[in-house]
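Trainee: Spelled out from the first residue to the last, the chains are:
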Amino acid sequence: MVQKELKDKLDELPIDIKLRALDRLKIHVMRQKYGYFSRLCLLIALIGPGILVMIADNDAGGVITYAQTGAIFGLGFFIPFMVLMLPVAYIVQEMTVRLGAVTHRGHAEMIWKRYGKFWGMFSLLDLIIANVLTLITEFIGITLGMELFGVSPFISAAVATIVILSIQLFLRYYTWEWISLSIAIFNLIFVPLVFSVPHLDWGAVANSFGSWHINGGIRPLFIYVVLANIGTTIAPWMLFFQQSSIVDKGLTVKDIKDGQIDTFIGSFVMIVVAIAIILITGSVVYGTDGNSNLGIIQILSTISDKMGVIPMRLFALGLIEAGLIAAIAISASTSWAAGEAFGWPKSINLPPLKGWHFYLPGLISILVAAVVVLIPNIPLSFLNLTVQVIASIFMPAAMLFLLLLLNDKEIMGEHVNKLWQNISAFIIVGFLIIMNGLYGLSIVFPHIFGK
Amino acid sequence: MKFKKIENNKHEEKIIKKANLEESFDDFIKDEGLLDYNKIPLNKAEIKGWVKWAFWFLRIYILIMVILVIIGFSKIH
Numbered sequence: 054m055v056q057k058e059l060k061d062k063l064d065e066l067p068i069d070i071k072l073r074a075l076d077r078l079k080i081h082v083m084r085q086k087y088g089y090f091s092r093l094c095l096l097i098a099l100i101g102p103g104i105l106v107m108i109a110d111n112d113a114g115g116v117i118t119y120a121q122t123g124a125i126f127g128l129g130f131f132i133p134f135m136v137l138m139l140p141v142a143y144i145v146q147e148m149t150v151r152l153g154a155v156t157h158r159g160h161a162e163m164i165w166k167r168y169g170k171f172w173g174m175f176s177l178l179d180l181i182i183a184n185v186l187t188l189i190t191e192f193i194g195i196t197l198g199m200e201l202f203g204v205s206p207f208i209s210a211a212v213a214t215i216v217i218l219s220i221q222l223f224l225r226y227y228t229w230e231w232i233s234l235s236i237a238i239f240n241l242i243f244v245p246l247v248f249s250v251p252h253l254d255w256g257a258v259a260n261s262f263g264s265w266h267i268n269g270g271i272r273p274l275f276i277y278v279v280l281a282n283i284g285t286t287i288a289p290w291m292l293f294f295q296q297s298s299i300v301d302k303g304l305t306v307k308d309i310k311d312g313q314i315d316t317f318i319g320s321f322v323m324i325v326v327a328i329a330i331i332l333i334t335g336s337v338v339y340g341t342d343g344n345s346n347l348g349i350i351q352i353l354s355t356i357s358d359k360m361g362v363i364p365m366r367l368f369a370l371g372l373i374e375a376g377l378i379a380a381i382a383i384s385a386s387t388s389w390a391a392g393e394a395f396g397w398p399k400s401i402n403l404p405p406l407k408g409w410h411f412y413l414p415g416l417i418s419i420l421v422a423a424v425v426v427l428i429p430n431i432p433l434s435f436l437n438l439t440v441q442v443i444a445s446i447f448m449p450a451a452m453l454f455l456l457l458l459l460n461d462k463e464i465m466g467e468h469v470n471k472l473w474q475n476i477s478a479f480i481i482v483g484f485l486i487i488m489n490g491l492y493g494l495s496i497v498f499p500h501i502f503g504k
Numbered sequence: 006m007k008f009k010k011i012e013n014n015k016h017e018e019k020i021i022k023k024a025n026l027e028e029s030f031d032d033f034i035k036d037e038g039l040l041d042y043n044k045i046p047l048n049k050a051e052i053k054g055w056v057k058w059a060f061w062f063l064r065i066y067i068l069i070m071v072i073l074v075i076i077g078f079s080k081i082h
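Protein chains in written order, with the numbering used here: chain A, 54 to 504; chain B, 6 to 82.
This is chain A alone, in the form it adopts within the complex (with noise of 0.2 Å):
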């Protein structure tokens, strides 16, 4: 085709497509290149939804969890559980890919559209209240922690604010993808942090693989704190943000095993964090007094004093990124399920003017989150109970909606579900909606397990 043919009819499409249609231009050039290094770049290039999803999963709450899992525990079972949590993570979130590849449809828009205004607004409501307090507690991370580098809430809560509306309004996709995985690439901080951790016991970690050692044995907070870090890995946005991610970056079914890779680097990079935490945190503050009730300033503080004020500042900024990261992903969840919902035009390429309704909800809640954390005595603790039961009544509907559209031949076609992945989704499934009754329950009831 004449490239100026090409040109004018790439510039018949609508901007946000247009925009899409280089990329997978781009996509398509690389895709007729041979060898071990074009294929390299090619999935390079697609990579990404997968890695993002995950890392901002890692997000402030997470930390604050694996750090108190870390310091209440040490080192022992929770090394091992997290490595289990791999899979469970991979298995759920690659539903998405495929999903999102196969239909060029969002989770949110799939809901409404297969099963019903009723379930569409359900999934909508929920997600949305969900996202604006989880995005509450990303603030209070971002804030919590620029506060050890002498910044006030206040300014690190605007300039968090400018530099997320910024991200969103002003990137089209491939660019506010590389700049948030840019910004994720801080999440990897508590890595080499763990080779700081004085005398750390490398005999006791190979250990508890062979031994699955629970230090105080099982009891009412060791399983409060299975249920915490369960929810912590798998989460009801991770489904929406990863599959509308996949459909604005324009994945096709060619693209299904780039994605099913990125989803395995993401899960991969997600549990060597939560691991790198809790390693961190299990040898310098567990066994510290009072160690079963610290909250994150009193770990940063025991950090400090053990490791030094240099590692202690590497995770407070681990946490900021955490909070940073998860508030763009989130935010952009909220604009793109709102858009598949409602029928707007929704995508991240989109020009501010021409897609406000698509960025609306996602600014709105960014705005109130900001505003929110600022506020003097809000009552912390309940807005995250909040979002914990919320999300334990959402996530099994959200989970089986997946599990009904994978096993939706008029839609999947060729790319159902087989059976050894329907027998894994559906045990995996089946247990996070039991832990996560469970972890929903024990919040609203907190001796459900005894004293």
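Among the hints, a few may not be true.
Covered stretches of chain A, going by a simulated chain B footprint (3 or more residues, C-beta under 8 Å) [what the hints assert, rightly or not]:
| no. | segment |
| --- | --- |
| 1 | 56 to 63 |
| 2 | 66 to 75 |
| 3 | 81 to 91 |
| 4 | 164 to 173 |
| 5 | 444 to 454 |
| 6 | 484 to 495 |
Derived from the structure by calculation, the hints contain no laboratory data.
The beta carbon of each residue, even a glycine, is placed where N, CA and C say it ideally should be.
Got chain A; can you put chain B on it based on the hints?
Mentor: Relative to chain A, chain B alone:
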């Protein structure tokens, strides 16, 4: 003031120059799913068999959880 996403025309020209479409542009658009899916209708799923059971499970689960949450929250306050 008119906002516009950062567009790199040079970059665009480079991609177009390199692109070597063996197929027609329309086929490329179709293959790559570069369509406005808001305009393409999607049929509502037929709820039958085990799917019907799944939906009943979901309704009951949600109902039980909502009742327990209301009881739990009323105890907190």
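Trainee: If a hint holds in the structure, say so; if it does not, say that too.
Mentor: Now the hints, each set against the structure:
For the segment 56 to 63 of chain A, the stated coverage by chain B holds: 6 residues have a C-beta nearer than 8 Å to a C-beta of that chain, and at least 3 were required. Given a C-beta distance limit of less than 8 Å, the hint that chain B covers the segment 66 to 75 of chain A holds, as 8 residues qualify and 3 suffice. Judged by the Cβ-Cβ criterion of 8 Å, the segment 81 to 91 of chain A is covered by chain B as claimed, because 3 of its residues qualify and three suffice. By the rule of at least three residues with a Cβ nearer than 8 Å to a Cβ of chain B, the coverage given for the segment 164 to 173 of chain A holds, with 4 such residues.
Here the segment 444 to 454 of chain A counts 5 residues with a CB under 8 Å from a CB of chain B, which clears the bar of 3, and the coverage holds. A stretch counts as covered by a chain when three or more of its residues have a beta carbon under 8 Å from one of that chain; for the segment 484 to 495 of chain A and chain B the count is 4, and the coverage holds.
When held up to the earlier numbered hints, the structure conflicts with none and fits them all.
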